[in-house]
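Line order of the protein sequences matches chains H and C. Residues in the first sequence are numbered consecutively from 1, following this note's numbering. Residues in the second sequence are numbered consecutively from 1, following this note's numbering.
Please note that a few of the clues may not be correct.
Copies of the same chain look alike in the list, so a pair counts if it works inside one copy or between any two.
Here are the computed lysine to aspartate or glutamate pairs in the EDC-like style, where the Cα-Cα straight-line distance is at most 16 Å [what the hints assert, rightly or not]:
no., residue 1, residue 2
1, Lys293, Glu561
2, Lys204, Asp244
3, Lys512, Glu413
4, Lys554, Asp384
5, Lys293, Asp209
6, Lys83, Glu471
7, Lys268, Glu76
8, Lys281, Glu562
9, Lys281, Glu561
10, Lys506, Glu546
11, Lys82, Glu99
12, Lys268, Asp465
13, Lys514, Asp465
14, Lys293, Glu76
To be clear, the hints were calculated from the coordinates, so they are not data collected in a lab.
There are 2 protein chains.
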Amino acid sequence: MQYDIPMREAVRSFQPSDEWRREQGLAGVELHLLDQTRTKEVDGGLDGDASSVAGKFDSKLAVDELPGWEGYVEWEDYPDKKKRAHEILASQTFPPPPEFQLAPIPGTNPVLEGIRWKLWHRAVGGRLAVVPEESWAIVLKEKSPDMLHLLQFPYNGEPPKRLVTAQPITPNPLHFVRNHGGVPSIDSSAWFLRLDGLVKEPKKLTLSDLQDECRFPRMERLVTIQCSGTRRIEQILMYAGEGDEMINAPWAEGAIGTAKYVGVSLKKVIKYCGGLVEGAKHLELAGADTYFKMNEAMNYVISVPYSKVKAHEVMLVWEMNGELLPKIHGAPVRAVVMGYIGARSVKWLYRITAIPEPTRAPVQSREYLYFNQQVGKHNQRWVDGIQIQEMPVSSAIMSPWNKQVVVHEGKIEVKGWAYSGGGRWPERVEVSADGGFSWYAVPIENLSAKYKFAWRTWHMWLPCDVEGWIEIVVRCWDNSLNTQPTQIRNAWNWGLHVTSSAHRIKIYSVNKAKERTRARLEEFEKRGMSFVPITRPTEFPYMAWEEYEEYFKKNGPRDVEE
Amino acid sequence: MQYDIPMREAVRSFQPSDEWRREQGLAGVELHLLDQTRTKEVDGGLDGDASSVAGKFDSKLAVDELPGWEGYVEWEDYPDKKKRAHEILASQTFPPPPEFQLAPIPGTNPVLEGIRWKLWHRAVGGRLAVVPEESWAIVLKEKSPDMLHLLQFPYNGEPPKRLVTAQPITPNPLHFVRNHGGVPSIDSSAWFLRLDGLVKEPKKLTLSDLQDECRFPRMERLVTIQCSGTRRIEQILMYAGEGDEMINAPWAEGAIGTAKYVGVSLKKVIKYCGGLVEGAKHLELAGADTYFKMNEAMNYVISVPYSKVKAHEVMLVWEMNGELLPKIHGAPVRAVVMGYIGARSVKWLYRITAIPEPTRAPVQSREYLYFNQQVGKHNQRWVDGIQIQEMPVSSAIMSPWNKQVVVHEGKIEVKGWAYSGGGRWPERVEVSADGGFSWYAVPIENLSAKYKFAWRTWHMWLPCDVEGWIEIVVRCWDNSLNTQPTQIRNAWNWGLHVTSSAHRIKIYSVNKAKERTRARLEEFEKRGMSFVPITRPTEFPYMAWEEYEEYFKKNGPRDVEE
């Protein structure tokens with residue numbers, strides 16, 4: 001064991017660690033009242049406190065080989081280096097990932113640390129040893145202190161519910177991040193892109209080349225990127241599933257974000273390379289981050305079909321919401337593959353290779369698989385999973401939160417998002433207050449504008465007469481009239497991907513439009529008592545005794561006599 | 001505040017505190033494998049370690065007034081004493097009950113302590129002050145160390161799943177207990193029963209009188225007693241409900257027990273008193289335990305309709321499974337009201353009063369109410385609840401446990417109980433492996449004998465082809481063809497009583513009858529690896545790479561090309 005050196009104490013962020021647990025109703029005691037007849041929620045600020053950790057490293061196996069490319073280790077070009085890394089990793093035993101599916105989910109923020117990934121980086125050593133700390137420093141600098149850090153390393157984070165749909169365009173510090181390795185720091189002036197494989201004229205292009213509008217017309221698109229793990233928490237809370245090396249982080253509804261990206265169409269770049277050689281049908285994209293799979297070290301590699309590129313649905317971007325792409329989001333240049341799972345939008349892009357078949361790299365061939373329910377731990381084969389590309393239609397409720405006590409006057413305000421992948425868009429959003437039996441349409445004017453590759457945010461006042469526990473459910477119909485499975489079970493799968501079932505939350509409805517309820521609330525107020533938590537005994541009688549006697553006089557005794 | 005004296009350290013029992021959490025799948029990591037192809041579960045022993053706490057008390061408000069009746073305080077005869085107790089209680093603030101519905105259920109045993117009830121006893125003082133400790137000592141002496149103590153005081157306890165249906169007759173140390181106050185210690189030679197109110201000839205009867213077979217023929221019956229809180233944990237895990245002063249303990253499936261009781265029919269005793277005066281229609285039964293409700297002290301009082309007595313369905317019993325009635329179960333004499341909720345089977349019975357209407361005592365009029373779902377914290381009235389008398393048809397699965405990984409060869413062994421109240425009995429038990437879509441009947445020979453007032457235990461081998469998470473569900477049809485609601489939601493109610501919906505557990509099915517699964521399990525074994533927890537990454541490849549390539553060669557690439 002090389003790892004008995006204690007890991008450096010993680011720098012904690014400022015978001016209260018229990019916020020997410022409260023949102024999800026996993027810590028229902030402290031705050032579970034949303035009185036819509038009185039107050040409005042106040043959004044938290046977005047200011048973050050920056051802290052930076054200086055990197056120091058030695059030069060052994062994993063080295064920076066290019067000036068201006070820090071934390072980038074090239075693996076794909078060096079089979080011997082890969083082999084040596086494999087030997088190092090295979091010769092040691094790493095601790096199993098922490099249990100968070102069968103045991104309660106930790107109440108900390110970061111929720112999970114990613115200790116195995118940190119240890120793998122440390123085991124390979126060299127430049128990689130300090131990458132976890134460097135990456136975390138970048139998180140603290142670039143991301144909002146409001147973020148929920150599901151996994152510290154590789155960094156996985158999402159905004160809290162109150163901020164997910166606060167604006168139809170997600171501010172950069174709040175945009176979710178699902179990284180698969182450390183964050184390299186690449187100088188934009190040093191950066192270049194290799195185009196090779198089955199392209200007619202292999203080339204290297206710098207950022208200035210890409211930005212030369214004489215060669216490549218500028219392209220700007222509003223694009224929603226969604227992780228296929230979005231809303232995984234619902235699947236986990238139903239049944240435990242795959243615990244992969246990559247850690248299936250317990251994402252909530254915030255692993256989706258929408259930004260205006262500026263860059264160029266990859267199609268134009270391929271054309272600039274003379275187009276593809278006969279037989280080339282896919283483009284393999286490689287990122288500068290180091291990825292690990294079953295004791296192998298590699299760069300992050302996926303592929304997209306060329307047909308997707310031809311439709312101008314793959315961009316190379318350097319600008320996000322009017323700012324230079326943040327480091328954590330792939331600076332200086334990342335791919336944005338519209339309407340596909342986020343895992344295809346490679347960050348820190350450095351190489352594009354034209355190939356005849358989809359890449360066999362593990363992220364494409366052995367991960368992000370969508371299994372039939374008969375497939376699990378004891379019979380799984382990679383070919384039993386559909387490789388996830390386009391995301392299906394989905395939606396989520398951002399307010400109220402699970403287990404909130406909602407005081408209202410016959411209508412409950414509900415807010416959320418809706419999205420469909422593959423260039424389809426939400427055409428109708430429907431909300432139910434009775435667990436999915438009857439559905440109300442969100443008024444068209446309460447939906448944000450529609451785009452081919454972006455979500456729509458929405459809100460509505462949902463009629464609710466009922467007292468007590470109800471289930472609010474949302475579903476979306478896209479322009480192809482696809483809709484969502486009604487129950488989690490319908491779409492539960494071993495890999496815990498694509499939680500596309502209708503999102504449902506339990507809330508305790510207190511309808512002040514009802515005379516008896518209003519009188520009771522006034523009674524609580526008069527006595528200076530809180531009526532939450534609802535599980536606390538009420539300290540005054542539920543009715544007058546005369547009224548009780550009157551009831552039985554009028555309706556007869558409990559048991560029949562003849 | 002009189003109560004800042006720390007409570008005496010509770011004596012802990014010997015059952016591992018996490019057993020119940022494992023049974024319920026609330027602590028799924030440590031043990032969640034049940035390999036039915038290999039081993040059989042071994043039942044734990046029933047030996048308990050007895051410890052006894054000597055009582056000491058002073059004589060103030062609450063006193064022992066009869067020799068041989070220890071810990072019995074008479075309240076109903078003394079309005080002034082009741083008034084004084086009310087003043088004492090109302091003048092002070094007691095801590096709210098601990099949260100266990102919205103927060104995670106404690107992993108301790110006892111699960112809940114009952115601190116408010118202890119403080120109420122201490123506040124009233126006198127003889128009552130030491131009753132909590134005395135009662136707990138009796139628990140430790142009379143009950144099995146395997147018991148799950150849901151509430152230390154008033155004592156609420158049930159056996160663990162592995163023992164609930166181990167025998168069709170429940171051994172006394174394992175029979176569930178739902179007490180509502182402390183345990184009095186009453187000498188059987190000092191005991192007598194008062195019969196008064198609208199009986200023609202009020203009398204006092206000693207135990208010898210009752211046992212005089214010349215006056216009262218001996219009666220023996222096999223009777224199942226069920227608490228209306230049985231399986232409440234399922235309702236709690238779905239939605240939080242009422243948190244009453246009496247604490248709605250999170251009962252599992254063991255709040256039911258079956259014993260052979262010996263005693264006399266109450267009808268014969270009433271006849272011995274000359275029968276009832278015209279207009280008398282109910283019998284009020286009083287127990288020697290002290291009960292509290294909204295700052296009032298009282299004896300435990302309920303009533304039963306005389307029609308029930310006339311049918312010989314109310315017994316006064318002194319023997320349980322061939323032994324003298326244990327103290328914790330109501331020695332020397334308790335009522336057994338067949339087919340009714342356990343709360344009517346008054347323990348430490350000392351008085352029976354004939355009355356024209358059901359008693360207005362709180363246990364009858366304001367508790368054990370079955371509400372419509374629109375009734376909750378903010379609009380509840382007592383008259384909105386049906387007073388629970390007869391229990392409806394129900395059933396439960398005792399093996400496997402929730403979240404177990406069950407290895408089998410196409411059939412899963414399932415065991416449990418089924419019961420119906422009111423003199424109806426289980427006529428058919430059905431089990432589903434697909435969440436309640438298709439049902440298999442338990443073979444008639446696998447059901448224990450039928451009786452008018454007792455449960456039937458059952459077991460069967462349930463066909464299961466499926467790999468992965470399944471939901472096993474049980475339902476019972478009684479002789480009147482009543483059956484159970486299919487989902488918890490159907491029968492969820494604010495008071496969290498009568499969890500009569502079909503009991504369902506999630507298990508992870510590993511079907512060794514399937515070649516691929518068998519091979520994978522062998523692979524785990526060969527490598528000396530455990531395949532649980534199922535969330536731990538598998539350390540060897542899921543398939544050969546050649547097989548992967550073969551698959552795509554044969555079936556074409558993931559995305560269509562034209």
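Here is how each hint holds up against the structure:
no.	hint	verdict
1	Lys293 / Glu561	neither (75 Å within a copy, 30 Å between copies)
2	Lys204 / Asp244	neither (36 Å within a copy, 73 Å between copies)
3	Lys512 / Glu413	within (14 Å within a copy, 51 Å between copies)
4	Lys554 / Asp384	between (66 Å within a copy, 14 Å between copies)
5	Lys293 / Asp209	neither (34 Å within a copy, 81 Å between copies)
6	Lys83 / Glu471	neither (53 Å within a copy, 45 Å between copies)
7	Lys268 / Glu76	neither (26 Å within a copy, 93 Å between copies)
8	Lys281 / Glu562	between (84 Å within a copy, 12 Å between copies)
9	Lys281 / Glu561	between (83 Å within a copy, 8 Å between copies)
10	Lys506 / Glu546	neither (36 Å within a copy, 48 Å between copies)
11	Lys82 / Glu99	neither (30 Å within a copy, 54 Å between copies)
12	Lys268 / Asp465	neither (57 Å within a copy, 53 Å between copies)
13	Lys514 / Asp465	within (9 Å within a copy, 51 Å between copies)
14	Lys293 / Glu76	within (14 Å within a copy, 74 Å between copies)
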